Amino acid sequence: MLWACLLLPQLALDGVLRHRTDDTPLVLVDGPINARTIVAVNARARAAGLYIGQRLTAAQALLARFDAIPYDADEVERWQQFLAGVAYRYSSQVALLPHAIVLEVSKSQSLFGSWAVMERRLRSDITALGFRHRVTAAPTPHGAYVLAGVSDGQTALSHEGMQRLLDDVPLSKSRLPTQAMDTLPSMGVRRLGQLLRMPRDGLQRRFGVALLQAMDRLMGDAPAGLDLYIPPDGIDWYVELSHEVENIAALVFPLRRMTGDLAAYLSGRDGGVQRFLLRLEHRDRIVTDVPVGMLSPERSADVLFDAARGRLEQVQLPAPVLALRLIAEDLPSFVPAGRDLFDERPANALPFEQLRERLRARLGDSAVHQWGTTIDPRPEHSQHVATEDEGPLEPRPRPTWLLERPIPWRGALHIVSGPERLETGWWDGGDTRRDYYIIETDMGQRAWAFCAPGEQSGWMLHGWFA
Amino acid sequence: MSAVVALSNLLDARQVWRGRAVPIVEGEQPTGWPMLDAALPARGWPEAALTEILMPADGVGELRLVLPTLARLTQGQRPVVLIAPPYLPCAMGWRQQGVNLHRLSIVDAEEKQVLWAAEQCLRSGSCAAVLAWPHQADDRSLRRLQVAADTGRALAFVFRDRKHLTNASPASLRLELTTTPSTAIWVRKCRGGNAPSQAIPFDSVQRLSSLCRIHERKKQSA
Chain X
1 MLWACLLLPQ
11 LALDGVLRHR
21 TDDTPLVLVD
31 GPINARTIVA
41 VNARARAAGL
51 YIGQRLTAAQ
61 ALLARFDAIP
71 YDADEVERWQ
81 QFLAGVAYRY
91 SSQVALLPHA
101 IVLEVSKSQS
111 LFGSWAVMER
121 RLRSDITALG
131 FRHRVTAAPT
141 PHGAYVLAGV
151 SDGQTALSHE
161 GMQRLLDDVP
171 LSKSRLPTQA
181 MDTLPSMGVR
191 RLGQLLRMPR
201 DGLQRRFGVA
211 LLQAMDRLMG
221 DAPAGLDLYI
231 PPDGIDWYVE
241 LSHEVENIAA
251 LVFPLRRMTG
261 DLAAYLSGRD
271 GGVQRFLLRL
281 EHRDRIVTDV
291 PVGMLSPERS
301 ADVLFDAARG
311 RLEQVQLPAP
321 VLALRLIAED
331 LPSFVPAGRD
341 LFDERPANAL
351 PFEQLRERLR
361 ARLGDSAVHQ
371 WGTTIDPRPE
381 HSQHVATEDE
391 GPLEPRPRPT
401 WLLERPIPWR
411 GALHIVSGPE
421 RLETGWWDGG
431 DTRRDYYIIE
441 TDMGQRAWAF
451 CAPGEQSGWM
461 LHGWFA
Chain G
1 MSAVVALSNL
11 LDARQVWRGR
21 AVPIVEGEQP
31 TGWPMLDAAL
41 PARGWPEAAL
51 TEILMPADGV
61 GELRLVLPTL
71 ARLTQGQRPV
81 VLIAPPYLPC
91 AMGWRQQGVN
101 LHRLSIVDAE
111 EKQVLWAAEQ
121 CLRSGSCAAV
131 LAWPHQADDR
141 SLRRLQVAAD
151 TGRALAFVFR
161 DRKHLTNASP
171 ASLRLELTTT
181 PSTAIWVRKC
191 RGGNAPSQAI
201 PFDSVQRLSS
211 LCRIHERKKQ
221 SA
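So the sequences go chain by chain: X and G. For the first sequence, UniProt numbering begins at 1 and goes up steadily by one. For the second sequence, UniProt numbering begins at 1 and goes up steadily by one.
Since the hints were made in silico from the structure, they are not lab data. Small disclaimer: the values here were computed from a predicted structure and weren't measured. Backbone N, C-alpha and C fix where the C-beta goes; we use that ideal spot for every residue, glycine too. Hints are supplied without guarantee of correctness; some may be wrong.
[As the list claims (entries may be wrong)] Derived SDA-like pairs: lysine to any residue, alpha-carbon spacing no greater than 20 Å straight-line:
no. : chain 1 : residue 1 : chain 2 : residue 2
1   : X       : Lys173    : X       : Asp201
2   : X       : Lys107    : X       : Val117
3   : X       : Lys173    : X       : Arg190
4   : G       : Lys189    : G       : Lys112
5   : G       : Lys163    : G       : Thr183
6   : G       : Lys112    : X       : Asp365
7   : G       : Lys112    : X       : Glu313
8   : G       : Lys112    : X       : Arg311
9   : G       : Lys112    : X       : Ser366
10  : G       : Lys112    : G       : Tyr87
11  : G       : Lys112    : X       : Lys107
12  : G       : Lys163    : X       : Met443
13  : G       : Lys112    : X       : Ala367
14  : X       : Lys173    : X       : Val117
15  : X       : Lys107    : X       : Leu96
[What the hints assert, rightly or not] One side only, chain X facing chain G, incomplete, derived with CB under 10 Å:
no. : residue
16  : Leu359
17  : Thr374
18  : Pro379
19  : Gln383
20  : Ala386
21  : Gly391
22  : Pro395
23  : Trp401
24  : Gly444
25  : Arg446
26  : Ala447
27  : Phe465
28  : Ala466
[Claimed, not checked] Here are a few chain G residues that sit away from chain X, every Cβ distance over 12 Å (derived from the structure):
no. : residue
29  : Ala3
30  : Leu10
31  : Leu11
32  : Val16
33  : Trp17
34  : Asp37
35  : Ala38
36  : Gly44
37  : Gly61
38  : Leu65
39  : Gln96
40  : Arg153
Please work from the sequences and hints to get the whole structure.
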């Protein structure tokens with residue numbers, strides 16, 4: 001077993017920062033309304049002398065202008081759930097710990113390569129999403145969690161290695177029950193290694209069974225006792241904008257973030273999305289819904305963003321937007337399009353799916369389609385909008401252009417070939433009795449025309465052999 | 001002041017340089033019509049460029065001219081897009097000509113959007129060929145298509161009425177279809193070579209009648 005721990009020290013702050021484009025001093029505050037204290041600061045605010053644990057009133061005396069945003073525990077949980085969904089692509093065993101995500105990676109190594117490769121991929125994924133993080137690995141989840149609390153990048157591939165690394169961990173960072181941690185230093189026990197070598201029965205007498213259980217879980221002598229993360233079947237993400245947005249263009253940045261997140265989440269789940277809903281929230285609970293539908297399930301960030309932006313650009317905003325919501329209830333499975341190894345397309349080519357969605361976004365949902373043949377002999381019913389086309393091939397020649405409805409032809413003509421009698425359609429009331437001829441007009445056009453059986457007059461033009 | 005300057009001096013001083021014709025690369029896009037191929041400098045459609053097809057009326061063979069190419073491309077699983085075709089493409093008729101309908105997408109666009117859609121498709125680099133039927137296309141918009149075709153390395157075909165022949169066009173190749181006295185193709189402009197002075201007979205009927213014959217034979221044997 002090898003567990004990786006992804007510690008997210010600034011989850012709340014990163015969650016807020018990633019939806020902001022401006023780099024102004026910003027703090028998160030928490031606590032009762034008359035005694036607000038700072039719980040997180042961004043780089044600009046820290047440079048100005050603000051720090052965690054400072055009273056908000058003191059901070060306001062130091063710095064004239066900064067944004068103070070209330071800390072939202074639910075929001076933090078949402079972000080953690082989201083990142084667990086991203087981590088899910090690397091392992092089916094993902095669990096949540098406070099400010100951290102642990103995942104079992106030994107079984108995934110055959111797919112992704114050694115831990116060093118996997119660590120690099122995991123880090124680049126999380127960095128791309130804009131979250132600061134520490135990654136460690138150890139044979140037990142709690143061991144990895146403790147190591148992550150000490151420093152970044154520690155890796156122990158064996159139990160002995162983990163033991164060595166844990167030996168030097170100060171007790172204050174051991175994440176063991178606090179009651180014992182307060183007392184042990186005064187007894188001269190300062191390192192985790194010292195504690196692990198102490199007689200167990202004595203420890204149990206003094207500190208109770210909870211400490212021993214926690215130590216066993218840490219060392220892997222007892223089951224880790226984690227509830228595994230199960231990805232939800234639908235998503236409902238909500239972003240509150242930092243100011244009222246009156247212009248669609250200002251929604252593009254948060255939209256790009258959201259569709260990027262959606263793509264990361266979908267690849268974690270190995271699924272796609274075919275339709276989702278963008279809900280723009282205005283004052284007084286008024287909402288504007290922008291449904292986004294695609295022809296096939298997609299999960300590329302660019303395709304999703306393109307499709308969503310195309311739809312969004314056509315929306316007339318009735319009022320300023322306060323918040324953006326992305327709802328996707330149905331997440332179908334996704335089959336990636338096959339690509340040729342010897343692809344002759346230019347290197348910067350857009351995937352065809354993305355082009356198709358771009359056209360649909362501007363021209364309308366039904367603007368791009370493909371025709372397929374049916375087995376109905378009547379020309380009016382001989383084709384339908386379809387993606388598969390498996391019918392038998394008609395042996396008699398058919399034109400390349402079909403008129404949507406036949407028109408009378410009064411010009412001169414001579415018959416090239418024919419007739420081909422169509423006498424069919426009795427089963428649905430659309431009874432048809434026609435003689436079809438290939439004719440040539442005096443302009444040199446070749447046409448497909450019909451007349452009543454055996455008459456050769458009253459020509460109706462039905463297609464062109466263009 | 002002597003008015004006579006030796007040309008070699010000028011050449012050595014690099015004040016004058018000799019222009020050289022751009023070598024024509026033989027393309028890999030045969031039209032499927034051997035006589036037409038033989039008349040074109042690239043021995044086929046100009047690659048990654050705009051081809052303009054001018055015709056006196058619909059249904060004179062303008063599609064048969066490009067269908068062998070479309071069949072070849074779609075059989076090779078390369079996407080082909082039709083933008084705002086004037087009629088419904090008859091699925092069975094296209095299949096009979098060998099086109100793989102899986103790879104044929106039809107885009108319905110309003111008149112104003114035709115050129116936009118064509119440019120998007122060409123520029124994307126994901127289409128092998130784009131066929132468009134613009135109603136109003138001026139020199140500038142055609143030039144945009146030509147550039148887009150070059151960017152996306154795609155074949156662009158624009159079908160227009162013969163009356164536009166008198167206007168200059170930035171297309172790499174301009175073909176005119178005539179029907180009197182018989183169906184023929186006139187190469188009106190081709191980049192990289194002189195347009196042939198004679199019409200190329202275009203026996204477009206042959207494919208059609210061969211199809212008929214096969215059918216007749218089947219009927220007899222049945």
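Status of the hints after comparison with the structure:
1. X/Lys173 - X/Asp201: 24 Å, violated
2. X/Lys107 - X/Val117: 14 Å, holds
3. X/Lys173 - X/Arg190: 10 Å, holds
4. G/Lys189 - G/Lys112: Roughly 27 Å separates the two Cα atoms, so the pair is violated.
5. G/Lys163 - G/Thr183: Cα-Cα ~18 Å, so holds.
6. G/Lys112 - X/Asp365: With Cα atoms ~17 Å apart, G/Lys112 and X/Asp365 stay inside 20 Å; holds.
7. G/Lys112 - X/Glu313: It holds: about 18 Å lies between the C-alpha atoms, which stays within 20 Å.
8. G/Lys112 - X/Arg311: The hint holds at about 19 Å.
9. G/Lys112 - X/Ser366: 17 Å, holds
10. G/Lys112 - G/Tyr87: Between G/Lys112 and G/Tyr87 the Cα gap is close to 18 Å, so the pair holds against 20 Å.
11. G/Lys112 - X/Lys107: Judged against 20 Å, a Cα distance of about 56 Å means the pair is violated.
12. G/Lys163 - X/Met443: Answer holds: G/Lys163 to X/Met443 is near 16 Å, not above 20 Å.
13. G/Lys112 - X/Ala367: 14 Å, holds
14. X/Lys173 - X/Val117: 28 Å, violated
15. X/Lys107 - X/Leu96: 19 Å, holds
16. Leu359: 6 Å, holds
17. Thr374: Cβ of X/Thr374 sits 8 Å from chain G, so the hint holds.
18. Pro379: 8 Å, holds
19. Gln383: Interface hint status for X/Gln383: holds (4 Å vs cutoff 10 Å).
20. Ala386: 9 Å, holds
21. Gly391: Where the cut-off is 10 Å and the nearest Cβ of chain G is about 8 Å from X/Gly391, the hint holds.
22. Pro395: 5 Å, holds
23. Trp401: 4 Å, holds
24. Gly444: 3 Å, holds
25. Arg446: 6 Å, holds
26. Ala447: 6 Å, holds
27. Phe465: 6 Å, holds
28. Ala466: 4 Å, holds
29. Ala3: 53 Å, holds
30. Leu10: Label holds. Min Cβ-Cβ 41 Å, cutoff 12 Å.
31. Leu11: 39 Å, holds
32. Val16: 37 Å, holds
33. Trp17: The claim holds: G/Trp17 sits with its nearest Cβ about 32 Å from chain X, beyond 12 Å.
34. Asp37: Non-interface label stands for G/Asp37: nearest chain X Cβ at 20 Å, farther than 12 Å.
35. Ala38: Given a closest Cβ separation of 24 Å, the condition holds.
36. Gly44: Check passes; 15 Å lies beyond 12 Å.
37. Gly61: The claim breaks: G/Gly61 does not keep its Cβ more than 12 Å from every Cβ of chain X (closest is about 7 Å).
38. Leu65: 9 Å, violated
39. Gln96: Non-interface label fails for G/Gln96: nearest chain X Cβ at 6 Å, not farther than 12 Å.
40. Arg153: Incorrect as stated: the minimum Cβ-Cβ distance to chain X is 5 Å, not above 12 Å.
In this structure, the hints that do not hold are numbers 1, 4, 11, 14, 37, 38, 39 and 40, in rising order.
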